[in-house]
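Novice: Chains as they are written, first to last, in the working numbering: chain A, 53 to 313; chain B, 53 to 313.
Since the hints were made in silico from the structure, they are not lab data. Do not take every clue at face value.
Quick look at which bits of chain A chain B covers, simulated, 3 or more residues with Cβ under 8 Å [said to hold, decoys possible]:
| hint | stretch |
| --- | --- |
| 1 | 116-127 |
| 2 | 149-155 |
| 3 | 185-192 |
| 4 | 203-215 |
C-beta: ideal position from N, C-alpha, C; glycine also.
There are 2 protein chains.
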Amino acid sequence: MIKIGGNIIDDEAKLSGFLLEFASVKGKKILVHGGGKLATRLATELSLPQQMVEGRRITDAETLKVITMVYAGYINKNIVAQLQALGANALGICGADGNAVRAHKRVPKAVETQTIDYGFVGDVDEVNAAFLQTLLNAGMAVVVAPVTHDMHGQLLNTNADTIAQEIAKSLSEFYAVSLIYSFEKTGVLLDVDNENTLIRKLGIKYYRELKDTGAIFAGMIPKLDNAFAALDSGVEKVIIGKAEELQKLIEGQSGTTISLN
Amino acid sequence: MIKIGGNIIDDEAKLSGFLLEFASVKGKKILVHGGGKLATRLATELSLPQQMVEGRRITDAETLKVITMVYAGYINKNIVAQLQALGANALGICGADGNAVRAHKRVPKAVETQTIDYGFVGDVDEVNAAFLQTLLNAGMAVVVAPVTHDMHGQLLNTNADTIAQEIAKSLSEFYAVSLIYSFEKTGVLLDVDNENTLIRKLGIKYYRELKDTGAIFAGMIPKLDNAFAALDSGVEKVIIGKAEELQKLIEGQSGTTISLN
Numbered sequence: 053m054i055k056i057g058g059n060i061i062d063d064e065a066k067l068s069g070f071l072l073e074f075a076s077v078k079g080k081k082i083l084v085h086g087g088g089k090l091a092t093r094l095a096t097e098l099s100l101p102q103q104m105v106e107g108r109r110i111t112d113a114e115t116l117k118v119i120t121m122v123y124a125g126y127i128n129k130n131i132v133a134q135l136q137a138l139g140a141n142a143l144g145i146c147g148a149d150g151n152a153v154r155a156h157k158r159v160p161k162a163v164e165t166q167t168i169d170y171g172f173v174g175d176v177d178e179v180n181a182a183f184l185q186t187l188l189n190a191g192m193a194v195v196v197a198p199v200t201h202d203m204h205g206q207l208l209n210t211n212a213d214t215i216a217q218e219i220a221k222s223l224s225e226f227y228a229v230s231l232i233y234s235f236e237k238t239g240v241l242l243d244v245d246n247e248n249t250l251i252r253k254l255g256i257k258y259y260r261e262l263k264d265t266g267a268i269f270a271g272m273i274p275k276l277d278n279a280f281a282a283l284d285s286g287v288e289k290v291i292i293g294k295a296e297e298l299q300k301l302i303e304g305q306s307g308t309t310i311s312l313n
Numbered sequence: 053m054i055k056i057g058g059n060i061i062d063d064e065a066k067l068s069g070f071l072l073e074f075a076s077v078k079g080k081k082i083l084v085h086g087g088g089k090l091a092t093r094l095a096t097e098l099s100l101p102q103q104m105v106e107g108r109r110i111t112d113a114e115t116l117k118v119i120t121m122v123y124a125g126y127i128n129k130n131i132v133a134q135l136q137a138l139g140a141n142a143l144g145i146c147g148a149d150g151n152a153v154r155a156h157k158r159v160p161k162a163v164e165t166q167t168i169d170y171g172f173v174g175d176v177d178e179v180n181a182a183f184l185q186t187l188l189n190a191g192m193a194v195v196v197a198p199v200t201h202d203m204h205g206q207l208l209n210t211n212a213d214t215i216a217q218e219i220a221k222s223l224s225e226f227y228a229v230s231l232i233y234s235f236e237k238t239g240v241l242l243d244v245d246n247e248n249t250l251i252r253k254l255g256i257k258y259y260r261e262l263k264d265t266g267a268i269f270a271g272m273i274p275k276l277d278n279a280f281a282a283l284d285s286g287v288e289k290v291i292i293g294k295a296e297e298l299q300k301l302i303e304g305q306s307g308t309t310i311s312l313n
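Looking at chain A on its own, in the form it has when it is part of the complex:
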């Protein structure tokens, strides 16, 4: 179960490097992709103002349309076409396809003095493991866009890290699942601006210390919370690291290995 971040998708050379590695990964594999900047760019071209709260996009109806077009259309199908060219039999889906990932519209949330309505943002209820197994057993490399549905016809914008974690959790009942969060950095860094400060192994106690001292902050916190939640729910391995070093990440020779102890 591999997630790639938006900064890799925005960079054609990095994406190609990653897909080359992904295509040659042995065994059953699923890729979840984000794609933030391309969606923001299209929204700007269409003069749709974008509002982010705590790193999450407020998703009105027009923004959901952009998200669906860019994530489930442009990015998903280009990744699939490239993987096919590399010899991996890829199939691209969003959470509505085969009812792969069912979610519900997030309830408006009180943040300090105001109530935040995230709009058409989904919180995951259930992963359809049987459907994913059908595809994996047919030899498919499954490519998942971070759009889910509510089983009542409504598509929902959903965090890609969360989808990766939920799918990994769900499949860990049937397989020994490794969950890889791959992005542009070499892993979890003590100093976010210095690639030489990579933490090779991050246990839960050390993580809490680093969070308390403020060494780990912002976007890394939900990612790591997701990582520990996944381990807690039966996922065998969680590794965070550089997208172009995917094979090394899988072998535990690169990146940060997350562990409960």
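Based on the hints, put chain B in the right spot on chain A.
Specialist: Chain B in isolation, oriented as in the chain A frame:
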């Protein structure tokens, strides 16, 4: 094998009516959709001039991006989400997914005194019947967006009528295939402006007569050429008619039945 035209997709009420009928169709089923006007509207909003030659869209790189976003993203995933809500286990794909439909970029073509380069438009080479059978046997209703690929990483804009015909032909080796072209009219009309002039049965001889006299013209000609080609290649039935009367079309109680004799 059912194709719906762009004018149905543009009309929310008609699309819902059609999908309700499609969801209740018994047996293995595939839906191919177009989506012309939504793509043209987005291209206009993005200030991309659109050029049509003989009803086909000249597809430069930016237009292909729009096509992929609108057809394989927005339209495909909304149809899938609606079908899931209606109890049909839909899976949306384009031709790149599972290498469902492989094509090649159309060779520039001499038309009168000039050479027309259609750009990123695909002519179908091969349908992956085994892949489609895997999905159909798993109980999926397959929803196909009219975007193909060349197995070298290039997506291609491809005519939806042609994709429907090619898939129908390919699957007719394994199943008794009915091919339904559904759109906003009641079928093939003697007078295109008068719904009371429906031709109930159209054989190849009568078709040639009507083409010679000019009674059938424009967009209907490639559709009917496709229809006769499908019958010629083993497709059992071809019926053209109104999208909201899908069940009646399948039963031959509505629309125009195309026949070789």
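Novice: Each of the hints needs a verdict: does it hold here or not?
Specialist: Checked hints:
Look at the stretch 116-127 of chain A against chain B: 8 of its residues bring a Cβ nearer than 8 Å to a Cβ of that chain, three or more, so the hint holds. Three residues within the 8 Å Cβ limit are the bar, and the stretch 149-155 of chain A against chain B gives 3, so the coverage statement holds. With 3 residues bearing a CB less than 8 Å from a CB of chain B, the stretch 185-192 of chain A meets the requirement of three and the coverage assertion stands. Here's how the stretch 203-215 of chain A fares: 5 of its residues keep a CB closer than 8 Å to some CB of chain B, so the rule of at least three is met and the hint holds.
Consistency with the previously given hints is maintained throughout, with no hint failing.
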